[in-house]
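A.B. asks: Sequence:
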Amino acid sequence: MAPGMENNTSAATSPASTGYQVDDLIIDLGQQRVTRAGNDIPLPHLSFELLVTLARAAPDLVTFDQLTERVWTGLVITPETISQRVKLVRDALGDDPHAPRYIAGVRGRGYRMVATVRPLVDRHRSSPAHLAGTAGAPIETAGAAARPRVLGWLGGILAVALLLAAPWALSRYLRGPRPAEPVAGAPGSVVVQPPRTIAVLPLIDLSPAGDNEYLGDGLAQELSARLARIRGLRVAASTSAFVFKERRADVHTIAQTLGV
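Per the working numbering, the sequence shown starts with residue 799, numbered consecutively.
Think of the hints as simulated: they come from the structure by calculation, not from any bench. Treat the hints with care, since some could be wrong.
No more than 20 Å apart at the CA atoms, straight line, and that leaves these computed lysine to aspartate or glutamate pairs for DMTMM-like [claimed, not checked]:
| # | residue 1 | residue 2 |
| --- | --- | --- |
| 1 | K885 | D863 |
| 2 | K885 | D821 |
| 3 | K885 | E847 |
| 4 | K885 | D838 |
| 5 | K885 | E1011 |
| 6 | K885 | E1044 |
With these hints in hand, go ahead and build the complete structure from the sequences.
C.D. replies: This is the structure in structure tokens:
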């Protein structure tokens, strides 16, 4: 356990703790949502877990290794992946990295929450009325809980197969049709091929549980790397394409912005 996280972790896992107030943000652990002045701030699963991890440790620093262990458990990622995720969270919260209100970075080490963090307590969580209201709730069986997980893995395997085949298909497309044989006596001509440019946009996690976002990020980065090996093809940097992960923009706007 990281230094300085003991008290915060115990408060978060106590029966009366329901979340955190981070400056003007409300983090509701039970509903897995973040609100400001009553308005929802949509955050993907990884972004939400990252924000909760920093809030639990506040005001202490959380290193890259600690963030990997708590947010990307069991995965091998780079600090660049964490930095990109922090950027997405900052964009969603409207936080300025040069004058941070919520998250501050420590170069080469990690991140810490600079906003004031207070645990939230639900006084009605353990009331008899609440307990009576949940007594008749249906209990999900182990088989029913495992079924969406299996479907999610099958979908992930299919996505891997399709994405790994995409560079081959695209390379065949870029070659175009076989050029016609020159006609004897016809004047020679030079065909100038326009530059081929493409961008791989962030992939959407469509698994039932919505907890495979890291797989989509990794596949998009791998697909970009493989496409970049195709001769005559220019691929926009992943860091530029991933700016549109949390934005709603049509493909024409994205193409003009990235120059692809």
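A.B. asks: Check each numbered hint from earlier against the structure, then list the numbers of those it violates in ascending order.
C.D. replies: Nothing - there is no hint that the structure violates, so all of them hold.
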